[in-house]
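Colleague: Spelled out from the first residue to the last, the chains are:
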Amino acid sequence: MGERRDDGGSLWLPATEVDVHRFVRALMSAYEVVGARERRGRLILERLDDPSDLRLAYPPRVHSPKKFLFPNWEKLFRFRLEGTVRLEAEHAAPPRVLFGLHPCDLHAVRILDDCLFDGQPDSAYRAKREATVLVGVDCEPDDHCFCTSMGTDRVATGFDLFLHRDADRYLVQVGTPRGRGLLDRFAPGLAGRPGEPPLPLQPKRTRKRLVQPVEALASLLEEGYEHPIWNEIGDRCLGCGTCTLLCPSCYCFTVEDRLHLDLAGGERVRVWDSCQFDQFVQLSGGREARANQADRQRHRFFRKYKYLWERYRRTACVGCGRCSRECLAGIDPVEVLNRLLEERGVPGAGPPPGGEYRPDLAELVSAEPLGQGVKRLRLRLPRPVSFDPGTFLTVSVFGLGEAPFTIASAPGDGAHLELAVAARGSLTQTLHRLRPGDVVGVRGPFGTGFPLDEMAGRDVLLVAGGLGMVILRSLLMTLLARRRDFGRVVLLYGARSPGAFLFQDDLRRWRGGGALDVRLAVEEPSAPWCGPRGNVTRLLRRLDLDPGRTVAAVSGPADMYRFTTPLLTGLGIPPERVFLNLERRMKCGLGKCGKCRIDDLCVCEAGPVVRYSRVRDLKEAVER
Amino acid sequence: MKLRAGFFDFTGCEGCQLTVLNLEDEFLDLAGLIDVVEFREVMTGGGGDLDVAFVEGSICGPDQEARLKDIRRRSRLLVALGACADTTGINILVRLQDPEVLHGRVYGPGAPVRARGHPRAVGDVVPVDARVPGCPVDGGEFLRVLQALAVGRTPELPAHPVCVECKLAELPCVFDEGEMCLGPVVRAGCGARCPEGGDRCRGCRGLVDNPRSSSYRRVLEEHGLTEDDMLAEFRLFNLDGGGER
Amino acid sequence: MRIEVRHLTRIEGHAHLVVDEDRGEVTECRLEIVETPRFFEAILLGHHFRDVAPLVSRICGVCSNSHTLVSLAATEAALGVEVSEQTRDLRRLLACGEILQSHLLHLYFMAAPDYLGMDSIFPLDRRRRDLLTRALRMKKIGTDLCRVVGGRPVHPVTPRVGGFSALPEPSELRALRRRLVEVLPDLEATVDLVGGFDFPPLDRSAECLSLAADDGYPLMGDRIVSSAGPGVRVGDYRGLIEEYLVDHATAKFASTPRGPYRVGPLARIANGFAALTPMAARVAGALGLTPDTANPYRIVVARLVEVVHWVEEAILLIDTLLIRGLRPEPPVKAGGGGRAVAAIEAPRGLLLHGYEYDGRGRVVWAECVIPTAQNLASIEADLRAAVPALQGRGRGEITRRLETLVRAYDPCVSCATHLLKVRFTGRGGAP
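Protein chains in written order, with the working numbering: chain A, 1 to 624; chain B, 1 to 245; chain C, 1 to 431.
Quick caveat, the hints were computed from the structure, so don't treat them as lab data. Hints should not be assumed to be uniformly reliable.
[What the hints assert, rightly or not] Derived SDA-like pairs (lysine to any residue); straight-line CA-CA distance at most 20 Å:
(1) A/LYS67 - B/CYS173
(2) B/LYS2 - C/PHE122
(3) B/LYS2 - B/PHE27
(4) B/LYS2 - A/GLY266
(5) A/LYS67 - B/PRO172
(6) B/LYS69 - C/VAL34
(7) B/LYS69 - C/HIS7
(8) B/LYS2 - C/ARG129
(9) C/LYS333 - B/ASP229
(10) B/LYS2 - A/LEU259
(11) C/LYS333 - B/GLU177
(12) B/LYS69 - C/ARG6
[What the hints assert, rightly or not] Here are a few chain B residues that sit away from chain C, every Cβ distance over 12 Å (derived from the structure):
(13) GLY123
(14) ALA130
(15) ALA150
Small disclaimer: the values here were computed from a predicted structure and weren't measured. Where a beta carbon is used, it is the ideal one built from N, C-alpha and C, also for glycine.
Please model the entire structure based on the sequences and the hints provided.
Modeller: Dropping the structure here:
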């Protein structure tokens, strides 16, 4: 015996097509049974004459339950005019079974309940609701359905019985005691069968989908009230009302009196109306509100996706697709909403999954050797970027990988920038082999650069060692572009040999220009050099600094910092005003992968330019 | 007090009058509402003043104009009954032919000209108080208009297109069947009789008050119709915007 | 004495009657057809074949179904389209419906008042309500038959080239069948009524033309027969029928080599009496109608006999359709060009339509021969024959008698004046 519980039971009863057929036949002895049936070659939702008329697998092209629960033509009351006026009530609703409703339509009935039982409950609707048995059936979405986006592809309550499909049979789920009672009375054989556990229900697959969840729609529409899309829709719309007439949750109506031909009596009736028709909303004096089609369509969208959602916290559109399926003008709510959603995006949602790892494609404009196996690569970016000097770009050679490179140029037009690349590994060697016109991937700029506003009005001391000059070139060129904002600018640059200096053209120009003080030191004892010899700290000796006015920027190999930085602070420059370039091999550039962390500091985010006072606290920093 | 009513016909097929006579079930009720004092097709006698005159057919030539004006003079209310009276219906299609060719073809060369001038709608000759559109009229609509006049109300025709009636009747859309249909711009009130019968709406009731012409045109273009195709369809009952009233 | 009746009443369409007699000698006698021609031939030119039937339907409201059916037959013959048995039977049923509707409208609304001494049937509302309700009840069967098969009784919707765009429901056909069976008492009462009519005597034999009774009582077919000579195939009708223009009419007149002729119920009885159903034949006998009946006033009786006949036939047709079962048929793809003529027995008589289509399926030529136009010469000859017998009576009575005579033909003037191909001849009443 199947479980018999008042809540309908948690087991589902197996039934064959024949069982269902017999059940319908038995129901027809006591009820008017309505279902999808064929008449004159088309499917309609209508009373069955014979159980074999019923179709249980049908595309959602028929009317919805509102055809019977809130019919197009409904008598409110009758009146007789001879002598005094007499009013007569209408009959009660006939007992009826709507057999074979799709889940979306069952959801729509709940919306009708929300609206029609709100405030003064609609008595005619309530009478029909109570007198009508709802039997649901599984369905296959077609190309216009988008129930999955509205959460209406499955329904858990709101039916007396539900026929789930399982291969060539049905499993009947009992939804209410009334449903159970009908089975007992009209299908006792079926009712007494042992029940089976419920099927695990997979969500349905629909071709159409909203790109954001339904919760996003209310605020989306609020913001989009003035969007030009409403005018576009208004221009396409034929004003035929098909969308609202077929919508299972629309029920707007007008009230009219109909006289009999003998003029002795008549009825007051309500008939379906539509917010899409002319003269739907009338002001006094015969004027019309919402007089153009754009306003009308906007109203429809707002009602379905915003007003009713905000009032009842239930989706008023059930994604049945009737409006777009039947619209001659091709107005499709999913298209409309997706367009608005895609334009706005949703705060915090950001790019599509993986988007932030996807490089843009930049073109190599030129590649010049700087000597010592270093090349200066000039790239043209697809979109202008703004950055502070000291930040870095990651460059991808697809198939080999991605690596970070400090930007060597100043922020100029934003669309071009320069990198200095030393050919060490396979990626950098490949970069060296590139020719103008070749394309590489770029991401960024990432990181924190030099705080120019702190440097403004002060003297700037740049200390570079070897390849560390790259980042300082960017800073230097930025300073030189706004020379008057800064005081004395001194560059101290040490390299192993005279040929190891990078940017020699720039160096020559700077030395001769007079805008800054350039001092170079060469380490190698035997190299031909007539300037200072030794490491860069030697250049600090005869420096006439005003430490109170000076900001220092240091960049070089990691071990250079250990003896350089204390010298600077020893000269009196406050540690907060000494900036170090902490380079690590960044991977993600987004503060996620963990590969560039020093203590709690993430170099790709908080660096590579970090204040010495901060570095001193980083116990893992090599550069302290 | 019963209305004194008369039925008149000019240039037309008398199908609208027959449609009134086809209201067999409502006939006796109708007889309680109106006194038919003039109806040439089924009655001898008439003349005198009328409360309401139903006029079918287009007006061609001075004789018909004079006859119509006389009817207008002696009727309190005048109703244009059917497309020929309302918008000239298909009668106006003669305008597509060269009048010389027309006369010569029909009467032979040099024959005396009998019919003068193009057919005109009743409303173009005399003021009209109400109208029942369609070819033929819809019996139910005729009764509604008559009833409104009987209780002293202005008859109201539906302001929405035939599509509404198709959707209420759960009919497949004609466009889905690969045909063009005038339904989206034609006035409802006929119950979508022609789509119900498997044909397309040919627009015999004339355009709706506020046709969404540019939207409709775009729909037709999207269905691959050329200017000529569109004109050919409209021409049947709505030549030269004769259906716009 | 000159009798002029402008806008004859209780006929379809507009016509004036003018008779001038001097001591029994008729000096002038004509039926002036004043209905405005609507130039259907011209209107049809250039139209695609799928629009031809709906257009020609509008030639006449009372015989819209006949025009539609013969138009489709002509188009199908021209384009080489075959139709199914189902289509043939449905079309016959539709023709049935129209004949019943038209004949009963005529009998009760147009003709009966003359024999009941009334101006119209409306006063019966008070005096003989049962008669009025019977008239309505009977006519409604014809109207509903047209509605169920054609979609709409005036200007049908469902007939199309190759078949029907929608079919009646079996339940609708069954309901109609029931009503056809139940109408028998009404038919009997009508027979009693008509049997009591005092038809004036007038004997004028005339040649009778109709379709042959090859396939039952004349309705559709492609052979025209004459009571006075050899017949022709419909396509060769010009060998037998000649049309001509007269001065006083906007309609054509017609004659055979032998002179004016009759079409319509009396002509069909003359040529197809043997094919009447048993019940119809009995009614004919009871009312004294034979193939030799030559009194035009008695066309009314022939009409009633046809009503009885077609009620029986309609029942048989419905049974055939229900037993076979109705099956939707897909639309036919027709094309190319061609030329053909088809014929049908409309309620008022032999009706022919001929078309020629070009390669794109558009009309380049159209013509039709209308029953009433073919009867006009006969009507005038009958009027001439009737006047002498009315010598000595008052103007009022003579007028009424002559009107009754015209009405007996149930002329459909709207049809007669759509005017198509014309040829001048020096015959008959031509100037």
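Colleague: Does each hint hold? Answer for all of them.
Modeller: Consistency of the hints with the structure:
no.: 1; hint: A/LYS67 - B/CYS173; in the structure: 19 Å, holds
no.: 2; hint: B/LYS2 - C/PHE122; in the structure: 14 Å, holds
no.: 3; hint: B/LYS2 - B/PHE27; in the structure: 14 Å, holds
no.: 4; hint: B/LYS2 - A/GLY266; in the structure: 19 Å, holds
no.: 5; hint: A/LYS67 - B/PRO172; in the structure: 17 Å, holds
no.: 6; hint: B/LYS69 - C/VAL34; in the structure: 19 Å, holds
no.: 7; hint: B/LYS69 - C/HIS7; in the structure: 17 Å, holds
no.: 8; hint: B/LYS2 - C/ARG129; in the structure: 19 Å, holds
no.: 9; hint: C/LYS333 - B/ASP229; in the structure: 18 Å, holds
no.: 10; hint: B/LYS2 - A/LEU259; in the structure: 16 Å, holds
no.: 11; hint: C/LYS333 - B/GLU177; in the structure: 14 Å, holds
no.: 12; hint: B/LYS69 - C/ARG6; in the structure: 18 Å, holds
no.: 13; hint: GLY123; in the structure: 18 Å, holds
no.: 14; hint: ALA130; in the structure: 21 Å, holds
no.: 15; hint: ALA150; in the structure: 18 Å, holds
No hint from the list above goes unmet by this structure.
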